[in-house]
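Number of protein chains: 2
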Amino acid sequence: MTTSQLVEQIHLKQSFLCIGLDTDLKKIPVHLLEKQDPIFSFNKAIIDATHHLCVAYKPNTAFYEAYGIAGWKALQRTIGYLNENHPEIFTIADAKRGDIGNTSTRYAKAFFEDLQFDSITVAPYMGKDSVEPFLAFTDKHTILLALTSNDGAYDFQTKLIGGKELYKHVLETSKSYKNSENLMYVIGATKAEYLLEIRKIVPDSFLLVPGVGAQGGSLEEVCKYGINENIGLLINSSRGIIYASEGKDFAHAAASKAGALQNQMALVLKQMK
Amino acid sequence: MTTSQLVEQIHLKQSFLCIGLDTDLKKIPVHLLEKQDPIFSFNKAIIDATHHLCVAYKPNTAFYEAYGIAGWKALQRTIGYLNENHPEIFTIADAKRGDIGNTSTRYAKAFFEDLQFDSITVAPYMGKDSVEPFLAFTDKHTILLALTSNDGAYDFQTKLIGGKELYKHVLETSKSYKNSENLMYVIGATKAEYLLEIRKIVPDSFLLVPGVGAQGGSLEEVCKYGINENIGLLINSSRGIIYASEGKDFAHAAASKAGALQNQMALVLKQMK
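Protein chains in written order, with full-length UniProt numbering: chain H, 1 to 273; chain E, 1 to 273.
In short, the hints are calculated from the structure, not lab data. Incorrect hints may have been included.
Because identical chains cannot be distinguished in the list, a pair is counted as satisfied if it fits within a single copy or across any two copies.
Stated by the list, open to error - Cut-off 25 Å, straight-line C-alpha distance, at most; resulting in silico cross-link-like pairs (BS3-like, lysine-lysine):
| hint | residue 1 | residue 2 |
| --- | --- | --- |
| 1 | Lys159 | Lys175 |
| 2 | Lys248 | Lys224 |
| 3 | Lys73 | Lys35 |
| 4 | Lys26 | Lys109 |
| 5 | Lys175 | Lys257 |
| 6 | Lys27 | Lys109 |
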């Protein structure tokens with residue numbers, strides 16, 4: 001899926017919402033536990049109820065790996081269901097991978113070729129030759145961690161190197177990587193005020209912004225500082241949407257929460273005209 | 001497995017060798033491809049031939065994920081085989097994970113509880129609250145990336161923050177994490193001269209050292225600068241051992257390569273007395 005197709009979808013749906021599928025058997029409605037594949041059953045119901053309100057889904061691989069083979073199968077079924085029924089939706093494997101060259105290539109194959117995701121999140125710590133193997137898949141997108149939404153972000157990401165924060169070095173350095181036009185970046189919504197500076201370095205890139213909702217980030221703030229001509233934002237909400245209700249109305253409740261965010265987004269898009 | 005049990009094994013086997021099980025269907029002997037589970041068949045043969053020469057095995061998860069469900073099953077069978085037949089061997093999931101708190105907990109469950117690994121490699125970029133969920137499993141070990149063996153290590157890891165390299169900040173900061181006594185660190189053998197400085201910061205910790213062999217690191221150099229009273233080193237070799245031969249003698253050839261390294265290690269241990 002190309003960036004321009006993504007932008008087209010944003011305008012069509014009046015939404016730049018990404019829904020995080022962090023599916024946890026301890027949090028999904030108990031009646032689903034009787035199903036043969038409770039994780040997929042939950043995801044399918046959420047997707048069926050919300051696909052018209054969002055432009056992206058982001059399963060976090062940790063939640064699937066925690067259930068071993070059954071989890072991996074549920075992930076495979078989920079991405080398969082999305083690609084078959086909603087090929088216009090951008091899919092993100094939130095995997096935060098990264099390793100030396102030949103090994104990163106294996107991860108890229110796993111998520112781009114085997115599972116057919118449109119994109120994957122990647123950690124930058126190991127540098128250029130750990131990221132470029134993902135970028136070598138030129139019809140896919142690589143979403144590099146820059147400034148994350150958690151408190152631990154202040155441990156290293158905001159430390160000054162030659163008067164400039166590490167995450168800014170990550171943004172700048174990554175622009176010189178081969179096929180860097182296919183990079184996007186993770187920027188936590190809990191640090192919206194940083195977006196002004198970030199946009200000076202990567203004015204045109206898409207930013208995947210987690211942390212709205214459960215983690216306390218503000219949609220208005222993120223849009224105020226982060227939006228660009230192509231919108232350039234994918235705002236993610238996971239727990240705030242998918243666990244809106246523990247009852248049999250969970251999918252309806254999720255759609256209601258997603259709809260509220262989509263409404264806010266439509267307003268933002270209208271004001272841009 | 002405790003650190004003192006690991007040290008005991010090192011003295012018993014006169015080896016601090018870790019064998020990396022980076023199993024690639026394109027590189028294993030072709031006659032194995034006829035087996036029902038070629039990846040596990042290869043791993044089992046390598047383990048059967050080398051277990052007396054090493055104290056640790058390190059499957060890199062990327063190689064297994066690249067084969068989807070079949071790969072995940074092969075990883076499960078491999079760790080199961082190791083835990084059943086060689087419980088005295090230290091097992092490392094080379095997964096380089098790391099995410100916000102609740103998500104890191106899921107990864108920790110996947111590798112420590114579901115797969116029953118003794119340890120996992122973790123990326124430090126997201127800081128304290130991304131690492132501590134792994135350390136919360138106090139009978140396990142968390143192996144933090146500090147200075148990696150690839151060229152990309154110079155992109156960010158060696159950059160100066162207040163006159164000190166980022167990887168040194170990672171080492172120092174991580175010492176304040178809860179249960180930090182269960183931390184080990186990845187230090188690439190290709191940068192052996194850095195070990196003098198590193199040992200000033202983490203004198204007692206175990207270091208997992210990849211990059212000897214195929215990547216050009218020197219065993220002598222690593223031992224000269226990195227060894228401590230408890231040995232404190234796990235030297236990893238992957239491709240140099242497991243792909244020593246493409247023929248039917250592959251396991252024997254692997255044992256021969258592993259044996260050569262173990263001999264060198266036994267000499268080093270003898271010189272220490």
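Right, here's what the structure says about each hint:
1. Lys159 - Lys175: both (20 Å within a copy, 18 Å between copies)
2. Lys248 - Lys224: neither (37 Å within a copy, 64 Å between copies)
3. Lys73 - Lys35: both (14 Å within a copy, 23 Å between copies)
4. Lys26 - Lys109: between (31 Å within a copy, 14 Å between copies)
5. Lys175 - Lys257: This pair counts as neither: shortest intra-copy Cα distance 36 Å, inter-copy 41 Å.
6. Lys27 - Lys109: Classified as between; 16 Å across copies, 31 Å inside a copy.
Comparing the model with each earlier hint shows violations of hints 2 and 5; every other hint is respected.
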